[in-house]
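K.L.:
Reconstruct the complex from the two isolated chains, following the hints.
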Amino acid sequence: MTAGRADGWTRRHKGTRARSLFVWCVLSGAIASSGLLAQQPADRSKPPAVGPAPSLKLPAIEKRTLSNGLQVWVMGVHKVPTVHLELAIRTGVAADPAGKFGLASLTADMLDEGAGSRNALEISDAIDFLGAALSTRGSVDATYVDLHVPISRLGDALPIMADVIARPTFPEAELKRLRDERLASLLEMEDDPEELVQVAFPRLVFGPQHRYGTPVLGTAASLKSFTVADLKAFHASQFNPANAMLVVAGDVTAAKVVPMLERTLGAWKSPGAAKTAAVAPAPQLTARRVYVIDKPGAAQSQVRIGWIGVPRSTPDYFALRVLNTILGEAFTSRLNNNLREVHGYSYGASSRFDMRLSAGAFYASAGVQTDKTAEAVKEFFNELTRIHETVPAGELEKAKNYLALLVPRSFETSRGTADALAQAWIYDLPADYYTTYADRVRAVTAADLKRVADKYIQPDKFAVVIVGDRKTIEAGVKTLNLGPLTVVEPGQVFK
Amino acid sequence: MLHTALLVGLLLQATPQPATGPRLEVPFTQFTLPNGLHVILHEDHTVPLLTVNVWYEVGSAREKPGRTGFAHLFEHLMFMGSKNAKYGDFDQLLEAAGGTNNASTAEDRTNYYIDIPSNALDLALFLESDRMAYLIEAMSPKTVDAQRDVVKNERRQSYENAPYGMSSIAIAEMLYPKGHPYRWPTIGYTEDLTAASYEDVIQFFRMYYQPANASLVVAGDIDPAKTRAAVEKWFADVKPGKAVVPPIDYPHPTLNEVRKKTIQDRVQLPRLYLTWITPAHFAPGDAELDVLSSVLAGGKNSRLYKRLVYELQIAQDVTAFQASKALNSEYQVIVTARPDADIARIRAIVDEEIKKIQQAAPAEREFRRAINQIESSFYDRMERVGNFGGVGDQLNSYYVAAGNPGYFNEDLSRYRALSPDDITAAATRFLPLDKRVELVVEPKK
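So the sequences go chain by chain: X and F.
Quick note: the first sequence uses the working numbering, first residue 1, plus one each step.
Quick note: the second sequence uses the working numbering, first residue 1, plus one each step.
Bear in mind the hints are in silico, worked out from the structure with no lab data behind them.
The reader is advised that the hints may include incorrect statements.
Unchecked claim - Straight-line alpha carbon distances no greater than 27 Å define the calculated DSSO-like cross-link-like pairs of lysine-lysine that follow:
hint: 1; chain 1: F; residue 1: K142; chain 2: X; residue 2: K46
hint: 2; chain 1: F; residue 1: K306; chain 2: X; residue 2: K176
hint: 3; chain 1: X; residue 1: K378; chain 2: X; residue 2: K269
hint: 4; chain 1: X; residue 1: K450; chain 2: X; residue 2: K461
hint: 5; chain 1: X; residue 1: K461; chain 2: X; residue 2: K495
hint: 6; chain 1: X; residue 1: K495; chain 2: F; residue 2: K445
hint: 7; chain 1: F; residue 1: K142; chain 2: F; residue 2: K260
hint: 8; chain 1: X; residue 1: K46; chain 2: F; residue 2: K261
hint: 9; chain 1: X; residue 1: K275; chain 2: X; residue 2: K63
hint: 10; chain 1: X; residue 1: K46; chain 2: F; residue 2: K355
hint: 11; chain 1: F; residue 1: K142; chain 2: X; residue 2: K378
hint: 12; chain 1: F; residue 1: K178; chain 2: X; residue 2: K224
hint: 13; chain 1: F; residue 1: K239; chain 2: F; residue 2: K83
hint: 14; chain 1: F; residue 1: K178; chain 2: F; residue 2: K435
hint: 15; chain 1: F; residue 1: K300; chain 2: X; residue 2: K176
hint: 16; chain 1: X; residue 1: K57; chain 2: X; residue 2: K256
hint: 17; chain 1: F; residue 1: K306; chain 2: X; residue 2: K224
hint: 18; chain 1: F; residue 1: K444; chain 2: X; residue 2: K495
hint: 19; chain 1: F; residue 1: K260; chain 2: F; residue 2: K445
hint: 20; chain 1: X; residue 1: K471; chain 2: F; residue 2: K444
hint: 21; chain 1: X; residue 1: K495; chain 2: X; residue 2: K224
hint: 22; chain 1: X; residue 1: K478; chain 2: X; residue 2: K461
hint: 23; chain 1: F; residue 1: K355; chain 2: F; residue 2: K300
hint: 24; chain 1: F; residue 1: K86; chain 2: X; residue 2: K46
hint: 25; chain 1: X; residue 1: K471; chain 2: F; residue 2: K445
hint: 26; chain 1: X; residue 1: K232; chain 2: F; residue 2: K226
hint: 27; chain 1: X; residue 1: K471; chain 2: X; residue 2: K378
hint: 28; chain 1: X; residue 1: K275; chain 2: X; residue 2: K256
hint: 29; chain 1: F; residue 1: K226; chain 2: X; residue 2: K57
hint: 30; chain 1: F; residue 1: K445; chain 2: X; residue 2: K232
hint: 31; chain 1: X; residue 1: K46; chain 2: F; residue 2: K260
hint: 32; chain 1: X; residue 1: K232; chain 2: X; residue 2: K176
So here's chain F without its partners, still in its complex pose (with noise of 0.2 Å):
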């Protein structure tokens, strides 16, 4: 039996779930380090890993104009070497101690993960506290040209030649007036990635890099009070910042009609895109178009895919989701037309269903199976300890979205407490039909 300091104490009743189900309990504990830092440490025997996470509170939005893309330019900056570990370094010794890493950046924040075996916990510090504390002093404009060339190289890769790769820029175009921070993409403007200099690296770095900017999440196979003392030795030399970071806001932004475009691509299957700007991450609404996705889009008895996908047989997939965000989020309906079917049409259909919603709840059996596949998937996620979505990495995601890294069984909470009214009300007030951004790709004649 494996041992393993996770206890979920739940047992999934027989019956449908209540509206109060068993909690889901992750321990852990967290401290401050007098530079800001916040740290938080999870124990889970599993396998013989652990996972080092660092969020820092800066995306895409906190960009300047001209300088779009910076924010994942500078995370491929942290691992071009630090003071004491010149580059190259980072993932040399951590692949020489068995680790893999990675980091991802969107719009609200950037995170890093390190994974590896227990016994290179200090390795992992040493590396992570390094670039926190002293990357500045190993960075030159070569540093920067040589990963400059290497974004350019993820945009070509991810976006430019991507089929339907364009789509989310072209949306975020229609969606968002000028200036606002989620008009941009996170990839950034192939100009702008041109523009970036040596001299904004070191002012985003002082200004977002700083310990209070960030929290660090030690989860898996660890004996907590060992690694307190390793987090206060490899950190304590990280200095604190200088400047506050200001608070983010902006304008909740408003649609008042249909914007329509239509984009050629090197397809043969048309696409359409439904979107909607819609209330941020853990607002009134948040979770209730969660349960909605499921509704239209979640298997095959949901709405769209049934009619549009198995019974017309005029699509290929649809995909329905809340894209949850600090500012404000984004409601996407996606539908990948059959070779020859008429988008015309198949929009048409999904507004019928949209309609279908807003004027009646869905009924109980429907209602339950979508509350019942997001309650399992909470479940699926408490799994992996390491990883981007790994308990680690939701720990920091609670902890930067709520202040509360435990937020495990409130975020379930939200969902149990849902009932089918609930959804038709969403619906109908989030996703007024005369109100979005529609967006079509079409074959390249």
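Chain X on its own, in the form it takes in the complex (with noise of 0.2 Å):
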């Protein structure tokens, strides 16, 4: 097969830029008239203009409750005879007790290894046979329970699916198997230096006790803590249908699939909480200062920057959203355009607000060739520096457009819908939230980036990481006087 699959292939750049889109909105305007019918010289003088844009016009989300209280949202999208379910528990790392780091994660993943009468290859087989995927995933902030099938085999699919979210049987040795999975995979990270510069900056910033200093799968420690009762326990605290909600979107109504999630999925009831909160904010950084990781040999340095950012549910969400589209979201952003197009230090560099529950770090990021180290981590700086400046307005106006219009993006695909119509209720986002999206977009000001970029970016403040060749680097380093410098063992992050 030819897809994506061959090691050959070569792209301009890493990803879409289009990253945490789970919002859509309603876009005024009439569809524009585009192209001529008459033919006409093509006249090249000026970029032909664009019209208002067009309006994404979504099917309207049937709400449905089975009789145990799960929610269920459907929305019909009949392009492809196929249907995609996700089912959502808001349960995350919040709910990892102190020293068992990594029990949400781990139970997340194996709910598939034995559930119901079937064992991990019996579930496999049945899946794979009906030409279906299902996937058991913990994340941040909510475990997801996946199954995309097609749609005539939906009936099939379901009691398994089922059976892997109401009753899992945790077996001792696929334990044991998932558990050594993990180990190795944690020694993957540390080998590979964009892997591991994502574990040590959120180490080095909120430390080792705080929940969001430690990988989602916790550390070798806890992984070796853990015994089937610690999940079964988890289990049955947290996997109940008042903290759960079914999406299911693709070739269905809901006429036709809340009988058939009514008959599988209707008697599961578990008397567990209903919601855990969010760990409690960590303490903001107050001065600051360098960590080197030390890589022998390294071609390039993994140079990460920043501290910790805002929740989720802050009130300055869309003029972060749209400060960040500036400074490192978007392809033409001044990061990714410093970096890689004026100075080639770089394939490509970029920042983010990493929203949460509870608040997650803001960074600036990019692998830069090992002999400009120095000069990179400058640039880096002059851009956090220069974004406190007022934006000039065709900068904004072009962000504010690019935010507001990639919104469509989100339901091209039935995972792609399911996905954002989840992120909705984990993240408690308004009704008219959806509605009044681009309008928001829309409506933040030069004012506005220029207080939230005081607020939120303060680069005098910083945690600076870097993964890299020691001995090339450290002396250009200590020469921009950022701040006080530590070396630090790869394997201390992982503790």
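P.N.:
Here's what the structure looks like:
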């Protein structure tokens, strides 16, 4: 097969840079007529005018509740005869007990390793035979069970999904296998500079005690401590209809699918707690420090600079999204333009506010060539300083349009649609949130940007984390006089 | 209910599929402009977006010795401005209209897409046609230098600094004789990137970026008549090329022995790569090897996964795939070992499993499970119109590889027509244990 599989291909830039869009909107305006029916020579003296953006027409969400209280949202997307179901449980890393970091994630991973009357191999065989895909995953703020299946096989696949959600058996042997797999995964993360910096940065910003300072997977020590009893107790306390919701998107209607769900999931009952409180915010950084993790001979330095940002519920959400689009989210953003296009130090640079139920990190990051590490860090700080100046009107307009008009992409596929709806539920977005999204993006002013830049981007307090070849980069980085420099052992950030 | 023009006229049966299943229908229209540019249009109004997707039939296989990596470097230069859209305009104008874009280079082709709200069709066509017609007018040695630095950093990030990143380069050098177009990496050798010149850019553009060597798909929320008129308007002044692009050909390379190599990397988990040269995309054996991949490494019950990862737990992961290409393909089995596992033992078990499938056909359920998975993957690929791998990209892919943009159904039929014995025959013929390349990546001491 050719689709994206072969090792040989190389692309202009990584990712689509349209990350974390879990919102949608209805845009006003008529569909502009495009093209001319009569042949005229093309006028290339200026770019063709772009008319008003077309409106996004989405089907209504059919909201239902099963007899056990489980909320079900159905959206018909009648294009391909498949359906995507996403069960979201509002249980994430915040539910991990102290000393048991990774329990939520491992419990999620164990759901399909034995459930109901089937063992792990039988579940996998049954799902694969149906041409379906079933996945379970624990992320920062939620646990997901996803089923993607041809519509004609939905009736066969649903009872398996229901078993996985409500009746996992947590076999001892499978626990041992997944634990060993995760211990090896931690070693793989340590080996990859791009992944290592993603572990090191939060550890150095949030510390070892705060949950956000340790990977979702947990640590080697916590992984070794888990028992089947831990998993069973965790499942019993967290997995219940009051703490969950199910999105169904694809070639279905509520009238057709809800009775099927009632038969398979309607009897699922559990007395567990409804919702875990978000973790307490970590103390903010107060002075700038530099950390270097040595990778002798590395061709690039992985650089990550920032501090603690904001929770998803921040009232400054829209201003921050526009600000970050300008700073480091879009391809034409200042960081990418500076480090990639102007200086050629990097394949790509970006920044991000990682918004979670509690405040996650803000960071700017890039892989930069080893012999230009200090120069690149200097340019990061130039941009993190310049963002406090008033943003020119044209740059602001471009960023607002970009952000507002990306929204329909979330609804191109059944999987994207299900995910967008589930995210809206997890973060308690208001009912009018979707229809007002574009307007709220467009309402952001240059003064708003200045205010949130001053409040949330304070470069003199940032942590600067560099994974690279210490002997080549250390002297240059020191000449920047950013603050005290600490050398950190790679293994230390995983403890 | 979402309105859509994409009709997928099929209903899967609750019982296992017969050899011929319902048809996949992806309606499209096509025409060729006087300058040779082939155009394909497809309507889908699910969301108010469209994709403009262009394939140029040139990739790293067309490169000259000493200039490896050039096709990919050139791809980057396509974003450096053209006569009427100066450097920076391309991304600035598209983002201001809510658009995104990307491009990629492989051995046999280079593809570009712009995904944008449907009101901005003319803007996307203006930008795409301007660089097809007038790229060179805006090119200078300085623009070449700027992207040369970016590409070298792409190489550092994705190859030199990535765990196991140099393995694909080492394997190709063992697999192919000197001069074979697949021997060098698409990213190129660093010294060749340094050597690439402004003159090379002009020659390459004139030869390979002529309209007759390209195909354009506009798909999504479009009105076909208006879109055709707009395409004719914007691409009419792209001048036809002067030279004819010669067909690319190379004698099918053969391996007559096992070639072995061990390299070291900054990793803690050793990894084994086994690679064979296999039939080209759409040639007999190509589809069989896709099914074999599923039997060997698709899901917990697949043979290699079950033994190495699930039962023995001496491997962290296992992958098997047929990388289909125009001249010939490559079949690869990759096993990442657990930290202290013995690579020789893992290799012996892989060989045992390959021997088994060479001696006896897969069980009916095992075979059907693989076919059902492949069939589902066809439907999944029909959901999204834009981006890499979306319907627009696939229409171009089928046009380039098979001469027919609507080859979806014929492609799927290849798999539906197979039997379990076909898998065994392909494994026997194309994966001889004594004719292959073996690369081991071991932890640096």
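K.L.:
Evaluate each hint against the coordinates.
P.N.:
Each hint tested on the structure:
no.	hint	in the structure
1	K142/F <-> K46/X	25 Å, holds
2	K306/F <-> K176/X	16 Å, holds
3	K378/X <-> K269/X	57 Å, violated
4	K450/X <-> K461/X	18 Å, holds
5	K461/X <-> K495/X	25 Å, holds
6	K495/X <-> K445/F	23 Å, holds
7	K142/F <-> K260/F	43 Å, violated
8	K46/X <-> K261/F	57 Å, violated
9	K275/X <-> K63/X	21 Å, holds
10	K46/X <-> K355/F	65 Å, violated
11	K142/F <-> K378/X	24 Å, holds
12	K178/F <-> K224/X	51 Å, violated
13	K239/F <-> K83/F	14 Å, holds
14	K178/F <-> K435/F	18 Å, holds
15	K300/F <-> K176/X	16 Å, holds
16	K57/X <-> K256/X	23 Å, holds
17	K306/F <-> K224/X	24 Å, holds
18	K444/F <-> K495/X	23 Å, holds
19	K260/F <-> K445/F	20 Å, holds
20	K471/X <-> K444/F	19 Å, holds
21	K495/X <-> K224/X	12 Å, holds
22	K478/X <-> K461/X	17 Å, holds
23	K355/F <-> K300/F	20 Å, holds
24	K86/F <-> K46/X	11 Å, holds
25	K471/X <-> K445/F	19 Å, holds
26	K232/X <-> K226/F	61 Å, violated
27	K471/X <-> K378/X	19 Å, holds
28	K275/X <-> K256/X	30 Å, violated
29	K226/F <-> K57/X	22 Å, holds
30	K445/F <-> K232/X	42 Å, violated
31	K46/X <-> K260/F	58 Å, violated
32	K232/X <-> K176/X	15 Å, holds
Comparing the model with each earlier hint shows violations of hints 3, 7, 8, 10, 12, 26, 28, 30 and 31; every other hint is respected.
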